[in-house]
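Sequences and hints are given; from them, build the entire structure.
These protein sequence lines are chains A and B, in that order. For the first sequence, our numbering gives the first residue as 9, with consecutive numbering after it. For the second sequence, our numbering gives the first residue as 515, with consecutive numbering after it.
Honestly, the hints are just simulated from the structure, not real lab data. All values reported here derive from a predicted model rather than from experimental measurement. Note that beta-carbon positions come from the ideal geometry of N, C-alpha and C, so glycine has one too. Keep in mind that the hints are not guaranteed to be accurate.
What the hints assert, rightly or not - From the derived model, a few chain A residues whose C-beta atoms are all more than 12 Å from chain B:
1. T109
2. D146
3. G148
4. L243
5. G256
6. R268
As the list claims (entries may be wrong) - Not the full set, but computed from the structure, chain A residues with beta-carbon under 10 Å of chain B:
7. G27
8. E28
9. L30
10. T107
11. D126
12. A134
13. A135
14. M140
15. S141
16. S145
17. G205
What the hints assert, rightly or not - Cut-off 20 Å, straight-line C-alpha distance, at most; resulting in silico cross-link-like pairs (SDA-like, lysine to any residue):
18. B:K614 - A:V116
19. B:K616 - A:V116
20. B:K614 - A:Q130
21. B:K538 - B:E553
22. B:K583 - A:Q130
23. A:K231 - A:I221
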Amino acid sequence: MAKKTEPVIQVGGLRNSFGEQLVHDGLDLEVKRGEIFGVVGGSGTGKSVLMRSIIGLQKPDEGEITVFGESMIGRDEEEAKHVRRRWGVLFQGGALFSTLTVAENIQVPIREFYPGIDQDLQDEIAAYKISMSGLDSDAGAKYPSELSGGMRKRAGIARALALDPELLFLDEPTAGLDPIGAAAFDQLIGELRDALGLTVFLITHDLDTLYAICDRVAVLADKKVVAVGTIPELLALDHEWIQAYFKGPRGRAAATIAEREEADA
Amino acid sequence: MRFPRMAVTPDISRNVEEGRCVLKLSGNLTILRVRKVAEQLAEIDADNLVVDLSEVERMDTVGAWLVHKLERDRGASIVGATEEQRLLIEHVTQADQPMKVKREIEPALTRVLGQVGAATKVAIGTLYGLLGFFGSLLLSTGSIIRHPRRLRINAIAQQFEVVGVHALFIIGLMTFLVGIVIAQQGAVQLRQFGAEIYTINLIGRSAMKELGVLMTAIMVAGRSGSAFAAQLGSMKLSEEVDAMRTIGVSPMEALVFPRVLATVLLMPLLGFYAAIMVVIGGGIFCWLSLDIPPVTYVQRIREVVPMTDLWQTLIKAPVFGLIIAMAGCYQGMQVQGNAEDVGLRTTTAVVQGIFLVIVLDAFFAVFFTMIGWT
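This is the structure:
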């Protein structure tokens, strides 16, 4: 694709603080079209805050954020809507609306942005989205409280995909899933990216996810992005945290598995 | 005549070629345009369809779904799709599984019967649960009496502050205003009989016997009963209560007992205070509006209000306190699942508390009349 290198998200000089505590200071970031972009970092390095800043839930102290080439800082709600309909967000706990069934949850963005699509078609859309995200056939009629944590995440991704977004934000999608479920989730995201041409912004702690699907990874430390690149590129760097992260016992295990899978393929 | 077509609008043109109806779609086939396309497609009633996608610029899953439906329901064959579009349609086809997206709606009769049954079950269950809760509260009271070191003085003192001290202003203000209203309404009615002086009887006796303690009970149920339910409920949700149990601390002793004890001990004090505030409110109205000087007012109050009225308040108040605190704590400990349940249980705690207080008050009224405390 010719458009592949065009940046979808650009963050420049971002500065975020909560009271005295400085979370980001001079953070720069660029996500290209069509890539799965992983963000890693220790606990409390502000990964979620970064995502919230980009999607406009957290107003940064300073800095410039553009998504699809449009500045997101200081936009009014009505203008931002046009950008909002081009992305989908999966929050950590799924963040489903508890008073609506899963199918109704998926229809909320459709109704909000494209009113007038008739109910039968909406139901069909909900049904195939549910099926695509790997939920059981009776999940659509269930309320979120009747679902397990993993199913809630899948329902959350079905809702995030409701409008066929170009850009998908995922906050720790595999946290709290069993290894089988997590691997299936990785595969799902990879497939969706190939089928829909998605750009994915992915926050994760999961090394297996990084090896399995991420094209590039950004490392958050010392209040900024200290390194961006493919995993081999990151491994070549001499940064203490990166070395500890990727070359620790868990990192090595994930690398071995990834190598083995590559050899099998 | 046709207007020049805009590139983004999907357009459908039909041609009949070799006995087959060829639909040529063009432009963007996305969710934005799907309503129009679906309508147009529904109007076409020809068989033997061929769908030509060679001029479609963008297609998303909703567009792919429409194409898939043509293929599935009307046996259309698809030509001219790019590799990506073909993948997308394949993806949607795979996802076309029988799905249940609607909850089944029961017939009205069985639904109503079911609701009545469920409500009855809940009511009986609650009664049973409250009795059990009262029992385990008594047990933990017993164990605290046997091991006085387990009494959590700090927790109790804190509850004293929250339930009692913080409520003083609002209860005082509310009952003061009620006193004025009772005096004013009473005076208007009694004036017709030239019996204005009996306004004092009305204020004094109703305040000491009923108003003070009832008003207090309602306010405490609203302020503290609900707070208990919400606090314990959210602690239950965040598994704090379970953590407590595994460490070996009894939630009954650590959470429920201090709250119940504080409410039981404070209700008589608050009730008495409320009754006095009603009397003061009424007194001020009598002074300003009926020209009864405070000295006369107090003297009359002392003459017409028997000591038994005060005893009634002081006997009822702790019982009401027990009921309100128990309803609050019980509902809080019943919270399961999600945050919505906390809200539901909190409401139930208040409604139950006030309801039980008023029912018991009626019983008390009959009882006190029978023993001659009229």
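Verification of the supplied hints:
The Cβ of T109 of chain A does not lie farther than 12 Å from every Cβ of chain B; its closest approach is about 7 Å, which violates its non-interface assignment. For D146 of chain A, the shortest C-beta to C-beta distance to chain B comes to about 5 Å, within the 12 Å cut-off, and the non-interface label is violated. For G148 of chain A, the shortest C-beta to C-beta distance to chain B comes to about 4 Å, within the 12 Å cut-off, and the non-interface label is violated. With a minimum CB-CB distance of about 33 Å to chain B, L243 of chain A clears the 12 Å threshold, and the non-interface call stands.
With a least beta-carbon separation of about 30 Å from chain B, G256 of chain A lies farther than 12 Å from that chain, consistent with its non-interface assignment. R268 of chain A, annotated as away from the interface, keeps every beta carbon of chain B farther than 12 Å; the closest lies near 28 Å. Below 10 Å, beta-carbon pairs count as interface contacts, and G27 of chain A has none with chain B, the closest being about 24 Å; its hint is therefore violated. Nearest Cβ of chain B to the Cβ of E28 of chain A: about 27 Å, over the 10 Å cut. The hint is violated.
Against a cut-off of 10 Å between C-beta atoms, the interface hint on L30 of chain A is violated, since the closest Cβ of chain B lies about 29 Å away. The interface hint given for T107 of chain A is met, as the beta carbon of that residue sits about 7 Å from the closest beta carbon of chain B, less than 10 Å. Look at D126 of chain A: its Cβ gets to within about 8 Å of chain B, closer than 10 Å, so that hint holds up. Proximity of A134 of chain A to chain B holds as hinted, the smallest CB-CB distance being about 5 Å (cut-off 10 Å).
The interface hint given for A135 of chain A holds, since its Cβ lies 4 Å from the closest Cβ of chain B, which is under the 10 Å cut-off. The interface hint given for M140 of chain A holds, since its Cβ lies 4 Å from the closest Cβ of chain B, which is under the 10 Å cut-off. For S141 of chain A, the interface hint holds, since its Cβ comes within 10 Å of a Cβ in chain B; the closest pair sits about 9 Å apart. Against a cut-off of 10 Å between C-beta atoms, the interface hint on S145 of chain A holds, since the closest Cβ of chain B lies about 5 Å away.
This hint holds: G205 of chain A has a C-beta 7 Å from the nearest C-beta of chain B, less than the 10 Å allowed. For a cut-off of 20 Å, the pair hint linking K614 of chain B to V116 of chain A stands: about 18 Å separates their Cα positions. Pair hint K616 of chain B plus V116 of chain A holds up; C-alpha atoms about 15 Å apart against a cutoff of 20 Å. Using a Cα cut-off of 20 Å, the hinted pair K614 of chain B and Q130 of chain A holds, with the two alpha carbons roughly 13 Å apart.
Proximity of K538 of chain B to E553 of chain B is assessed by CA-CA distance (about 16 Å); at most 20 Å being required, the pair is judged to hold. At roughly 14 Å between alpha-carbon atoms, K583 of chain B and Q130 of chain A fall within 20 Å of each other, so this suggested pair holds. Using a Cα cut-off of 20 Å, the hinted pair K231 of chain A and I221 of chain A is violated, with the two alpha carbons roughly 26 Å apart.
Of the numbered hints listed earlier, those contradicted by the structure are 1, 2, 3, 7, 8, 9 and 23.
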